[in-house]
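Engineer: Sequence:
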Amino acid sequence: MSNQRSIIQAIQTVQAPDGMTTKIIAIDGPGGAGKSSFAEQLSQKLGNAPILHSDDFASWDNPLDWWPRLLGQVLEPLSQNETARYQRYDWGTKRLEEWREIQPAEHLILEGVSSSREAFRPYIAFSIWIETPRKERLRRGLERDGEAARQQWEEWMAREDEYIESEHPEQKADLVINGTEPYDLSAFFDG
1 MSNQRSIIQA IQTVQAPDGM TTKIIAIDGP GGAGKSSFAE QLSQKLGNAP ILHSDDFASW
61 DNPLDWWPRL LGQVLEPLSQ NETARYQRYD WGTKRLEEWR EIQPAEHLIL EGVSSSREAF
121 RPYIAFSIWI ETPRKERLRR GLERDGEAAR QQWEEWMARE DEYIESEHPE QKADLVINGT
181 EPYDLSAFFD G
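In this note's numbering, the protein residues as written are 1 to 191.
Some hints could be false.
[As the list claims (entries may be wrong)] Calculated cross-link-like contacts (lysine to aspartate or glutamate; reagent style EDC-like; alpha-carbon spacing at most 20 Å): (1) 135 x 145; (2) 172 x 154; (3) 135 x 147; (4) 94 x 65; (5) 94 x 131; (6) 135 x 174; (7) 94 x 145; (8) 172 x 162; (9) 135 x 154; (10) 45 x 174; (11) 94 x 170; (12) 135 x 161; (13) 135 x 162; (14) 172 x 131; (15) 45 x 106.
Read the hints as simulated data drawn from the structure, not as lab findings.
Using the sequences and the hints, build the whole thing.
Structural biologist: Here is the structure:
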């Protein structure tokens, strides 16, 4: 992507996949990389575009194999310009909770680990990979979840490594961002 062109211009210029009205923007990267923060700012710049978090599907026990549910409940209906309905997973209760709806819209931000996986690529208009060193990601994760979650984080990171090694999402991304602190996200949003 050219330095002269902002991310907003790139997203507005890209076409939704054939037959779709919704441009799905995937923000992928390992846990603790800064995806959620970036997604919030991008949403605001896109007129409060809805954000769908892969954490609404994943769990500590199932960090990567949740994707068929997102594909069937969200991406396939949106590809037909129909309302998507999905059941949100609650990490606290460890069960599926309320049903949510996503209407076809101009943009949808799909944020989370493995959100640009190969199975989703036919539905994605633009993909962003956020790269942050492992040590920093673990620090952020433990700061958020507490030291008691260290083993879960280490197991999660091992599963992420498998995904990255098998699919190489960083190589297929339209934009790669360094998520190491400090970084100024506003640099990506001029224009």
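Engineer: Work down the list of hints and note, for each, if the structure agrees.
Structural biologist: So, going through the hints one by one against the coordinates:
Our distance criterion of 20 Å between C-alpha atoms is met by residue 135 and residue 145, whose separation comes to about 15 Å. Under the criterion of a C-alpha separation no larger than 20 Å, the hint pairing residue 172 with residue 154 is inconsistent with the structure, at around 25 Å. Between residue 135 and residue 147 the CA atoms are separated by roughly 14 Å; this keeps the pair inside 20 Å, and the hint holds. At roughly 16 Å between alpha-carbon atoms, residue 94 and residue 65 fall within 20 Å of each other, so this suggested pair holds.
At most 20 Å may separate the alpha-carbon atoms for a hinted pair to count; residue 94 and residue 131 exceed this at roughly 29 Å. The hinted pair formed by residue 135 and residue 174 fails the criterion: a straight-line CA distance of about 25 Å is larger than 20 Å. A distance of roughly 16 Å separates the Cα atoms of residue 94 and residue 145; the hinted pair therefore holds under the 20 Å criterion. Restraint check for residue 172 and residue 162: satisfied, since their Cα atoms lie roughly 16 Å apart, inside the 20 Å limit.
For the proposed pair residue 135 and residue 154, the alpha carbon gap of about 11 Å is at most 20 Å, so the pair holds. For the given pair, residue 45 sits about 18 Å from residue 174 by alpha-carbon distance, which is consistent with the 20 Å threshold. Proposed proximity of residue 94 and residue 170 is contradicted: the alpha carbons are some 30 Å apart, above 20 Å. At roughly 14 Å between alpha-carbon atoms, residue 135 and residue 161 fall within 20 Å of each other, so this suggested pair holds.
Under the criterion of a C-alpha separation no larger than 20 Å, the hint pairing residue 135 with residue 162 is consistent with the structure, at around 18 Å. This hinted pair checks out: residue 172 and residue 131 have alpha carbons roughly 13 Å apart, not beyond 20 Å. Of the pairs offered as hints, the one joining residue 45 and residue 106 holds, with about 13 Å between alpha carbons and a cut-off of 20 Å not exceeded.
The structure does not agree with the numbered hints 2, 5, 6 and 11 stated previously, though it agrees with the rest.
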